[in-house]
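Build the full structure now, drawing on both the sequences and the hints.
Spelled out, the chains give:
There are 2 protein chains.
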Amino acid sequence: MNKFFNSYRLFTYTFFGLFLSLFLFTGTVAQKAAPQPPNVILFFLDDMGYGDLSVTGALGYETPHIDRMAAEGTRFTNFLAAQAVCSASRAALLTGCYPNRIGLSGALGPNSQIGLNPSEETLADLLKGKGYATGIFGKWHLGDHPTFLPLQQGFDEYFGVPYSHDMWPLHPNQANAKYPSLKLIEGNQPTKPVNTLADAGGLTSAITEHAVNFIRKNKKKPFFMYVPHPLPHVPLAVSARFKGKSKRGLYGDVMMELDWSVGEILTELKKQGLDKNTLVLFTSDNGPWLNYGEHAGSSGGFREGKGTSFEGGQRVPLIVRWPGVVPAGRVSNKLLSTLDILPTVAKLCGARQPRRKTDGLEFTGLLKGDDSQNPRQQFLYYYRKNSLEAVRQGNWKLVFAHPSRSYEGFLPGQNGQPGETTEKREMPAALYNLERDPGERYDVRGQFPEIVADLEKLAEAARTDLGDDLQNRTGANVRPVGRVAKN
Amino acid sequence: MNKFFNSYRLFTYTFFGLFLSLFLFTGTVAQKAAPQPPNVILFFLDDMGYGDLSVTGALGYETPHIDRMAAEGTRFTNFLAAQAVCSASRAALLTGCYPNRIGLSGALGPNSQIGLNPSEETLADLLKGKGYATGIFGKWHLGDHPTFLPLQQGFDEYFGVPYSHDMWPLHPNQANAKYPSLKLIEGNQPTKPVNTLADAGGLTSAITEHAVNFIRKNKKKPFFMYVPHPLPHVPLAVSARFKGKSKRGLYGDVMMELDWSVGEILTELKKQGLDKNTLVLFTSDNGPWLNYGEHAGSSGGFREGKGTSFEGGQRVPLIVRWPGVVPAGRVSNKLLSTLDILPTVAKLCGARQPRRKTDGLEFTGLLKGDDSQNPRQQFLYYYRKNSLEAVRQGNWKLVFAHPSRSYEGFLPGQNGQPGETTEKREMPAALYNLERDPGERYDVRGQFPEIVADLEKLAEAARTDLGDDLQNRTGANVRPVGRVAKN
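So the protein sequences, as listed, match chains A and B. Take 1 as the starting number for the first sequence in the UniProt record's numbering and just add one per residue. Take 1 as the starting number for the second sequence in the UniProt record's numbering and just add one per residue.
If several chains are the same, the list does not tell them apart, and a pair holds so long as it fits within one copy or across any two.
Below, simulated DMTMM-like cross-link-like pairs (lysine to aspartate or glutamate); rule was C-alpha separation at most 25 angstroms, straight line:
1) LYS217 to GLU268
2) LYS245 to ASP370
3) LYS245 to ASP371
4) LYS247 to GLU362
5) LYS247 to GLU440
6) LYS243 to ASP370
7) LYS217 to ASP156
8) LYS334 to GLU72
9) LYS243 to ASP371
10) LYS220 to ASP125
11) LYS334 to ASP370
12) LYS247 to ASP454
13) LYS130 to ASP156
14) LYS424 to GLU408
15) LYS276 to GLU72
16) LYS247 to GLU456
17) LYS247 to GLU450
The set of hints was computed from the structure by calculation and includes no laboratory data. It should be emphasised that the depicted structure is a prediction, and the values quoted were computed from it without experimental measurement.
Structure representation (structure tokens):
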């Protein structure tokens with residue numbers, strides 16, 4: 001009897017133990033419903049092409065940390081940068097506006113008299129308004145005059161370079177090195193110059209270190225951390241321990257170090273127990289700068305690259321990870337743009353939306369796995385500066401005849417030197433069906449006149465809208481872009 | 001004291017419970033070390049391009065079951081079909097030989113006088129020799145004379161069509177319909193004709209049903225099941241419940257049904273408890289048949305398609321899943337070929353390798369996650385029929401001047417009709433660096449003469465080797481290809 005009783009007790013307690021395990025386990029899962037708004041980390045690489053990750057077909061090196069981020073989150077294959085040039089793309093990312101809506105397109109040089117107008121609301125402004133700690137570690141490139149630097153644009157902390165690191169004495173083509181030096185900036189103050197490739201080779205690790213410290217420092221409150229790595233933009237530079245690590249030369253080494261950086265930051269998140277309540281986004285500003293030859297990235301087979309409105313210029317990977325909220329291991333091909341990041345992140349964080357008109361469409365439902373949300377099934381515009389070069393509806397893309405940079409038919413550079421290229425090749429009008437022709441090789445304008453007509457109408461509406469708005473924003477009280485009085 | 005004793009007991013038993021859970025859990029994991037050789041399922045789609053899965057960028061429809069298979073297994077992004085045409089590619093898959101080594105290239109028509117020589121050892125022969133139950137459900141296309149059908153080539157069971165389903169009265173271009181009918185074959189006997197699109201629309205589900213039954217029937221012994229779906233080859237056909245399901249028209253519907261089929265078969269594996277001990281491979285015979293317009297798949301941006309030796313013709317996805325053995329969520333960019341499947345699967349199953357010379361290189365280490373294994377870092381040859389059109393070393397590809405089918409510059413067909421194309425466009429010699437130029441758009445022959453010279457030497461060696469071997473195999477005892485005496 002006593003024996004039976006003991007077995008009975010053994011049985012009950014064992015069950016109790018099993019239940020306890022189950023309870024502990026579900027407790028961990030339930031962590032996703034934490035009430036604090038999520039932290040946000042936004043990686044933004046420079047000139048990294050669509051095909052530069054293992055998950056998108058990179059050859060000669062692998063990106064295991066970013067691949068794992070994709071396996072643990074959702075990867076978007078039909079995501080486009082708002083313009084195929086550095087400053088313009090960054091302006092769109094931070095404001096949710098086509099860069100030409102706010103008068104900022106192209107790439108700013110050092111000592112620029114213009115910059116992102118601080119009266120535009122950035123994602124940092126919106127999240128700061130919601131009580132977030134905000135930091136940027138990396139490349140700004142939206143005006144290097146103190147008026148335009150990050151501390152005026154919603155960021156509490158800044159460490160990085162103010163513009164591209166080829167705008168300095170080590171420009172690959174020395175004859176073009178118009179600018180005396182590139183400064184690392186901490187807060188609002190230049191600290192030390194980055195004037196050698198060894199200096200530039202330290203950028204990725206220094207930025208990573210600052211990012212890791214920011215996470216440690218802000219683990220108790222929600223934070224927004226923007227990590228716009230200056231690489232793999234030329235001139236390529238890498239720290240000693242990644243030198244020669246890949247079979248793809250210096251470009252592969254640089255990508256491996258950037259992948260390491262993503263891994264370090266995600267590891268720190270886990271260490272601090274913030275992993276489950278942090279939304280992490282990873283993307284790039286535009287496609288590869290192909291005339292740098294083996295020092296350039298890969299478009300993954302898409303046509304052309306940086307500085308063009310073909311898919312190779314604007315299609316970039318987007319990976320989003322937020323365990324328990326964003327489905328793991330999912331791949332989505334819904335059309336999205338850099339423009340859409342601001343409204344989506346603001347909504348997920350419970351922040352308000354910008355007061356002025358913007359171009360972003362929120363995709364929080366889609367991000368959480370609701371496939372019925374498809375905000376951009378209607379349209380997307382491909383601008384270069386103020387010129388509308390192409391328009392998209394669903395997976396049809398109408399290209400208007402336009403002069404364009406082109407990499408085809410020119411020999412690329414070698415050893416980090418730029419090759420020949422042209423800014424003035426005349427591209428003919430064409431209609432591409434990106435479903436069957438993602439490489440934009442087969443013009444089918446002649447077969448689908450109604451689709452051409454529809455897309456032309458869409459384009460006309462866009463031209464009017466942006467023209468009117470730019471007019472409004474250039475009125476008495478609003479400048480389209482900040483302008484420094486000449487001293 | 002008694003109370004303390006009780007708490008103590010509660011504590012111990014609870015721990016015991018926790019341990020028991022842990023034990024049960026590790027027991028599940030340890031299942032991977034089961035002593036029985038693995039079952040093997042090999043999906044082989046027809047004319048499915050590199051870009052036709054969500055994971056590789058398909059637009060307008062999604063492939064969630066295949067995507068999940070990739071997330072639970074390893075996806076290879078640098079995998080090439082052995083030739084870009086149906087029969088040739090299948091011959092290579094089943095024998096591990098370049099198709100021209102065994103005298104079988106191109107695509108066989110109905111009533112063909114030749115076929116795969118039964119004296120060649122197929123993967124089915126090797127696994128049958130090891131005691132496997134073997135079945136093929138789908139398209140054979142290695143000779144429709146009974147001499148060459150699957151039951152003569154190592155398979156116990158066959159259900160499917162003997163050649164492509166456009167070689168019948170419903171050929172999209174009626175004028176080309178040389179052949180009176182297409183029969184479904186069960187075992188060695190034709191059963192019923194497939195003479196309407198509705199019949200063809202039932203192919204995917206009928207094949208799936210046979211595959212599911214084969215799993216149920218053979219759950220107690222190791223099995224090898226080859227599932228060469230006849231679709232998404234033209235003419236496209238889909239069952240009623242997938243009609244209109246995608247936003248990519250009939251092609252998307254067909255891909256969704258094929259994705260469903262993969263899902264059904266994987267679900268059955270789990271139901272039967274065979275999931276953990278089954279190696280599943282998924283790939284395609286060649287790239288998309290682009291002149292069928294919206295009835296064709298997508299190369300994902302690679303150049304050209306089916307019937308060409310450009311990447312669009314030969315690069316296809318390969319996904320391999322074997323829980324606990326093949327790492328989950330991994331993406332590998334090591335160069336591999338259809339040729340390599342036979343030696344790898346044979347090794348994993350403990351079967352012997354073929355007795356005659358083959359061209360496959362085993363990659364079991366790489367498959368298990370050992371990155372130091374890279375069997376094809378040395379070379380790969382791109383043949384069309386017996387002509388060596390290109391050679392690969394690492395990620396360099398030297399294209400020899402050759403006449404080729406080309407889809408560029410021709411309008412594709414509409415509504416399932418083939419468009420114009422040519423078989424005779426003259427392709428110039430070129431050197432491509434597929435790392436930075438996966439789209440084969442930028443010839444850099446002029447910049448790398450030493451690499452051109454190296455690759456030319458490799459090509460010369462290949463020409464000699466295959467020429468000699470074909471000579472041997474055509475000797476007194478060995479025919480390069482089975483030939484039926486005319487009755």
